[in-house]
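One line per chain: the protein sequences are A and B, in this order.
Residue 1 is where the first sequence starts when you use full-length UniProt numbering, and the numbers rise one by one after that.
Residue 1 is where the second sequence starts when you use full-length UniProt numbering, and the numbers rise one by one after that.
Fair warning: there could be bad hints in the mix.
[Claimed, not checked] Cross-link-like lysine-lysine pairs, in silico, BS3-like; alpha carbons within 30 Å at most:
id, chain 1, residue 1, chain 2, residue 2
1, B, 825, A, 280
2, A, 288, B, 825
3, A, 288, A, 174
[Unchecked claim] Label pairs and their calculated CB-CB ranges:
id, chain 1, residue 1, chain 2, residue 2, range
4, A, 178, B, 350, 14 to 22 Å
5, A, 189, B, 351, 31 to 39 Å
6, A, 88, B, 223, 30 to 38 Å
7, A, 295, B, 223, 53 to 61 Å
[To be verified] Beyond 10 Å from chain B on every Cβ pair, some chain A residues (computed):
id, residue
8, 33
9, 48
10, 75
11, 97
12, 102
13, 127
14, 189
15, 279
16, 286
Just so you know, the hints here were simulated from the structure itself, not pulled from any lab data.
No experiment lies behind these values; they were computed from the predicted model shown.
Where is the CB? At the ideal position from N, CA and C, for every residue including glycine.
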Amino acid sequence: MAQSDADFLPRTYRVRHTTRYTYDEDVVGCYERGFLSLRPTPTQTLRAIEVTVSPEPDVNAAHWDFFGNESFYVEVRTPHTTFEATMDAEVAVDWAPVDVAALDRLTVAESVAAIRAEDVDPVLETAYRLPSALVELGPRVAEFADTILAPERALGEALTDLYRTIYRDFAYRKGATSVRTTLPEILDLRAGVCQDFAHLAIGALRSVGLPARYVSGYIETAPPPGKAKLAGSDATHAWVSVRVPGGGWVDLDPTNDHFADSRYIVTAWGRDFRDVSPLKGVIFTEAKHSTLDVAVDVTRLEAPTRDA
Amino acid sequence: MTAHAVEGDGPLLDGPLLDGPLLDDSASAGGAFIGAEFVGAVVGSPGVAAAIDALGLAGLLAARSEARRLVEDDGITYGVGARARTWTIDPLPLVIGTDEWARLEAGLRQRALVLDLVLTDLYGERRLLRERLLPPELVLGHPGFLPQVDGIRLPGDRQLIQVATDLVRDDTGAWTAVADRTQVPSGSGYAMANRRITSRVMAGLHRRTPLARLRGFFDTMRTTLLSIAPEDLDLPRVALLSPGAESETAFEIAFLSTLLGFPVVESEDLTTRGGRIHIRSADKTEPIDVLLRRVDAAYSDPLDLRPDSRLGATGLIEASRRGRISVANPLGAGVLESPALLAHLPQLTRQLLGEDALLPSAPTWWGGEPQGQAYLLNNLDRLVLKGFSREIRPEATFGWELSAAAKADLAAAIAARPWEWTGQEPMPGSTAPVVTAAGLQPRRVVLRTFAVAHDSSYVILPGGLARVAARPDQHLIANATGALTKDVWVLAPAGTGVERITLDQRPQATPLRLAPAVAPRVADNLFWVGRYAERADGLARLLRVGDDLVEDFGARPGTPGHATMQAVITALAALTRTPSIEADPVVGLRGLTLDADRTGTLAYAVTRLIGATYQVRDQLSQDIWIVLGRLERALREIPRDEAQLQPQLARILESLLAIAGILAESMVRDATWGFLDGGIRLERAMNTAALLRHTVIAQRAPVVDGQVAESALLASESILTHRRRTVAGLGPAAPVSSALTLLLTDETNPRSVAYQLRRLADAMDLVGDPTAAATARALLADVTRVDAEGAASGDRTEFATFLDTLDLALRDLGAHIERVHFARKATQHSLPIGWSLTTEGAGRGAE
């Protein structure tokens with residue numbers, strides 16, 4: 001997915017995300033944990049949001065979690081064969097291009113030291129530096145990080161090389177991996193999906209001591225040239241946010257070979273996929289089969305402008 | 001009946017508890033029986049020592065075997081099934097003097113307070129981490145820290161409700177903490193069980209020694225659990241969440257339940273409604289306000305924690321967050337178990353309380369801190385290496401036991417993942433004497449103490465659980481490796497008599513709830529306890545009659561007695577669905593009695609009875625274990641081929657009678673009883689009807705007819721009534737009519753079908769099932785209309801048809817009870833969190 005200057009212009013999106021489960025027999029109890037909103041961040045402002053769940057939930061509650069995301073609890077006890085949750089949100093997005101030259105003023109090693117010295121948020125930065133359930137740190141990951149994030153390398157150059165290397169050396173292949181695939185396995189497979197690439201990049205960053213978090217969200221896609229965009233054809237997406245000296249974070253997307261731009265809409269972030277899985281649940285049923293349909297539409301509401 | 005996995009229980013009592021090399025001086029005293037001086041030095045009280053010395057080795061060995069027998073009688077186990085370990089109690093208590101205990105108690109109270117303040121901070125402000133008073137890595141990298149529970153608070157002053165601490169003596173003899181248990185602190189119930197047994201086997205000594213009592217601690221625990229209920233409720237509902245009857249500490253969970261007066265619940269019993277956890281049952285669903293958790297946090301909520309867990313309550317974290325339930329210990333308390341925290345406790349005590357730590361902790365280094373890593377690597381051969389968490393590495397490694405190669409491997413492992421390791425200085429001299437056939441021998445000992453929150457402070461159990469290594473050279477003291485246990489005697493201060501915690505020893509004036517909801521799992525098992533107990537009883541009686549007949553007439557074909565024998569054998573074959581016994585009754589009856597692997601046998605019924613009893617051990621009187629133990633032993637003895645079955649059947653019946661008595665005399669007549677008695681009555685009604693169907697109903701020669709009827713009366717414990725009535729000219733004279741009257745229609749005979757139906761109807765009223773009660777009453781009306789008098793003379797096919805119809809109706813009623821009251825929860829599934837579910841990453845397809 002190419003990136004141009006225009007992609008950094010501010011714009012407003014409507015995001016519709018529908019998750020629908022259908023079962024061959026009644027579900028008598030359904031308990032869901034999910035991130036059904038968009039996180040307020042420096043790059044986006046939520047203008048409007050509506051979350052609808054059907055059947056009518058017995059409980060629909062939200063709280064702010066440890067990582068600062070709005071976490072939803074949904075309980076449906078009406079027996080049902082179809083469960084549907086829809087988020088319909090309007091969000092203004094504005095990402096500035098990453099100043100790579102500024103990042104290059106410090107090496108990777110100097111950056112690690114600077115971030116430790118700044119000690120802005122000892123709790124979360126530590127959480128984002130430690131290994132986590134899906135980001136095991138070990139010799140294989142360290143070896144992968146060694147050359148790309150070499151201590152003497154300039155930080156901006158190293159970060160650029162990180163997303164480039166993954167983009168170049170790893171094939172995007174659905175079904176090649178699962179939620180249990182480990183980083184060494186991804187390194188062997190040389191393939192995966194956006195979640196895998198994000199985890200691998202996070203592993204590399206953490207293994208040199210840089211706090212890195214997993215970002216879950218959406219991205220606007222363009223239809224193939226000459227084709228109309230199909231309804232529901234957009235997608236959830238995952239990328240990486242890394243702490244850089246000066247207190248800021250830089251978002252990079254190894255799946256698409258660039259830093260994040262104004263097409264990136266954030267749902268939630270955490271240590272890895274486990275912390276921010278869009279919708280997970282426990283159901284009680286004797287059903288043998290279930291199908292899942294997910295439809296995502298990311299639609300631009302107004303033309304991007306800088307001076308609007 | 002459920003067969004849960006027990007992952008959630010973890011090796012609760014199996015922490016790597018240890019100390020250093022054994023002291024030589026005590027070892028030298030190990031051989032011969034010892035003088036008072038040695039005992040005094042070791043067990044802590046010259047008075048106690050003298051008394052022990054007076055018992056002599058013979059007395060102590062007798063006490064040891066008596067303790068063994070009592071453990072078996074009380075059904076005390078650690079682990080069940082293939083992993084069951086005998087609970088072994090050494091009769092010599094570990095004695096702690098008044099002053100020594102006062103110091104220890106103050107130290108433990110202070111330690112619990114510090115741990116509480118740390119816990120409160122970690123899920124609240126996190127000032128300790130932000131100001132780096134604790135390394136954030138130490139907390140955030142520990143599997144016990146659960147970001148999911150951030151911000152949840154229990155009402156009341158303390159968040160840490162219970163803590164257990166493992167202690168050994170340092171080289172000055174002072175108690176030193178080596179580990180804390182905050183996830184699911186277990187052992188206080190075992191401590192109480194040990195006290196009960198030790199006080200019996202050392203009765204004289206126990207009577208003479210002024211001892212702090214344990215009971216008050218459990219009253220405090222009860223008060224505290226009630227006090228943390230989320231709302232200001234008159235009668236908060238408290239329950240113990242158990243991982244299941246297969247849990248290692250199932251005995252303790254049931255025992256605690258009876259000590260505290262709160263029911264045991266399992267995942268299967270729970271349902272979540274409106275963001276609140278409820279006990280499910282057929283007629284009502286009751287919310288739970290407080291949950292005493294015996295399931296590890298990771299398994300406690302499949303929604304927010306391990307999705308594969310079948311041991312938890314879905315939405316428990318959300319319910320806690322919403323303030324609808326209080327969980328003790330709160331989810332997330334396991335982080336305090338990190339050995340790495342030990343190193344920081346002295347400094348945290350100063351920072352949080354402005355005091356010096358009264359109780360020392362074993363010096364501990366954590367590899368996650370740079371100095372710690374270096375220390376571990378430089379002192380590898382003298383340290384005790386433990387994992388950063390028990391989840392990562394449950395076993396301890398003793399540096400001095402390692403070969404050079406193993407040491408090099410360990411050093412490499414530490415260098416690669418230093419944060420996963422902690423090292424503890426070994427504690428040199430902590431031993432206690434143990435009774436062995438060769439005299440007293442010193443063994444390494446670990447003391448586990450227990451604290452429970454009370455208002456703003458903590459109450460310490462004045463005693464504890466002492467665990468002693470199984471072998472003299474053993475460092476690892478864990479129940480899983482066969483450790484012995486000891487009662488811990490804390491001497492009461494002079495002049496205080498036996499009362500120590502006077503305030504909390506008052507019985508709590510909390511009224512008991514009437515008729516609590518009975519969960520389907522509990523109802524199901526109680527019902528089957530009743531059915532199997534009754535099945536075993538009825539079968540044992542019929543076997544006794546059959547065996548007698550085989551003995552007398554087996555070799556006399558052609559006699560009326562032999563024909564009677566054949567009729568009873570046929571009845572037995574039909575009732576137990578074992579037609580093969582007719583070919584060789586002698587072998588057949590032995591098999592029907594002893595073969596536990598075949599359905600329909602007496603041994604099988606007893607096995608199932610014991611199995612069902614285990615599932616609901618908290619519901620039944622503890623006395624039942626003595627009898628079940630005896631019953632099991634009676635069935636284990638396989639008599640020689642030529643030996644008679646009668647003595648064994650008599651012993652089995654004796655135990656079954658005792659069980660019936662315990663059940664009848666120890667249970668309140670509520671729904672719980674309704675299910676149990678309903679099971680007994682349904683079973684007896686079915687078996688009696690079947691017995692009649694296969695004996696009395698078949699028309700035979702008059703002389704045989706009478707004997708068969710008398711056999712049925714004999715097997716149904718009604719022969720005396722029959723004879724008395726016949727002699728007095730009351731009731732029908734013909735045995736067949738008499739049998740039908742006494743066993744079918746006579747409501748005053750507790751063995752009749754009519755009587756069972758009346759009791760069954762009452763039981764169904766108790767469980768709140770008017771439909772089943774009405775069905776039972778309608779059947780009763782049918783039964784009482786039967787003309788038993790006419791049976792002797794007339795055609796009996798009508799009776800046969802009636803009994804067949806009755807049998808079907810009873811089966812339907814049983815099926816109705818199962819369907820309505822024992823309904824399993826719908827199967828739990830996790831909506832997959834795999835990303836096969838989310839539509840895939842945007843990007844490449846759209847490039």
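**Asked** Taking the closest pair, is the beta carbon of residue 189 of chain A still more than 10 Å from chain B?
**Response** At roughly 15 Å from the nearest Cβ of chain B, residue 189 of chain A sits farther out than 10 Å, so the non-interface label holds.
**Message:** So residue 75 of chain A supposedly isn't at the interface. Is its beta-carbon more than 10 Å from every beta-carbon in chain B?
**Reply:** At roughly 6 Å from the nearest Cβ of chain B, residue 75 of chain A sits no farther out than 10 Å, so the non-interface label is violated.
**Request:** May I ask you to test the hint 53 to 61 Å on the CB atoms belonging to residue 295 of chain A and residue 223 of chain B?
**Result:** With Cβ atoms ~55 Å apart, the hint holds.
**Item:** 10 Å Cβ clearance of residue 286 of chain A from chain B
**Value:** Residue 286 of chain A is in fact no farther than 10 Å from some Cβ atom of chain B, at 6 Å.
**Message:** Would the hint linking residue 825 of chain B and residue 280 of chain A be met if the CA-CA limit is 30 Å?
**Reply:** holds (20 Å)
**Item:** Claimed clearance of chain B by residue 102 of chain A, with the beta carbon kept past 10 Å
**Value:** holds (27 Å)
**Item:** residue 288 of chain A paired with residue 825 of chain B [C-alpha distance capped at 30 Å]
**Value:** With a Cα-Cα distance of about 16 Å, the restraint between residue 288 of chain A and residue 825 of chain B holds, given a limit of 30 Å.
**Request:** Given the range 14 to 22 Å, decide if the beta-carbon distance of residue 178 of chain A to residue 350 of chain B lies inside it.
**Result:** violated (49 Å)
**Least C-beta distance between residue 97 of chain A and chain B, which was stated to exceed 10 Å** = Given that every Cβ of chain B is farther than 10 Å from that of residue 97 of chain A, nearest at about 19 Å, it holds.
**Message:** The hint says 31 to 39 Å between residue 189 of chain A and residue 351 of chain B; measuring C-beta to C-beta, is that right?
**Reply:** Given range 31 to 39 Å: violated, Cβ gap about 49 Å.
**Item:** Interface exclusion of residue 33 of chain A relative to chain B, criterion Cβ beyond 10 Å
**Value:** Nearest chain B Cβ is 6 Å from residue 33 of chain A, so the label is violated.
**Asked** With d taken as the least Cβ-Cβ distance between residue 127 of chain A and chain B, does d exceed 10 Å?
**Response** violated (5 Å)
Of the numbered hints stated above, those contradicted by the structure are hints 4, 5, 6, 8, 10, 13, 15, 16, listed in ascending order.
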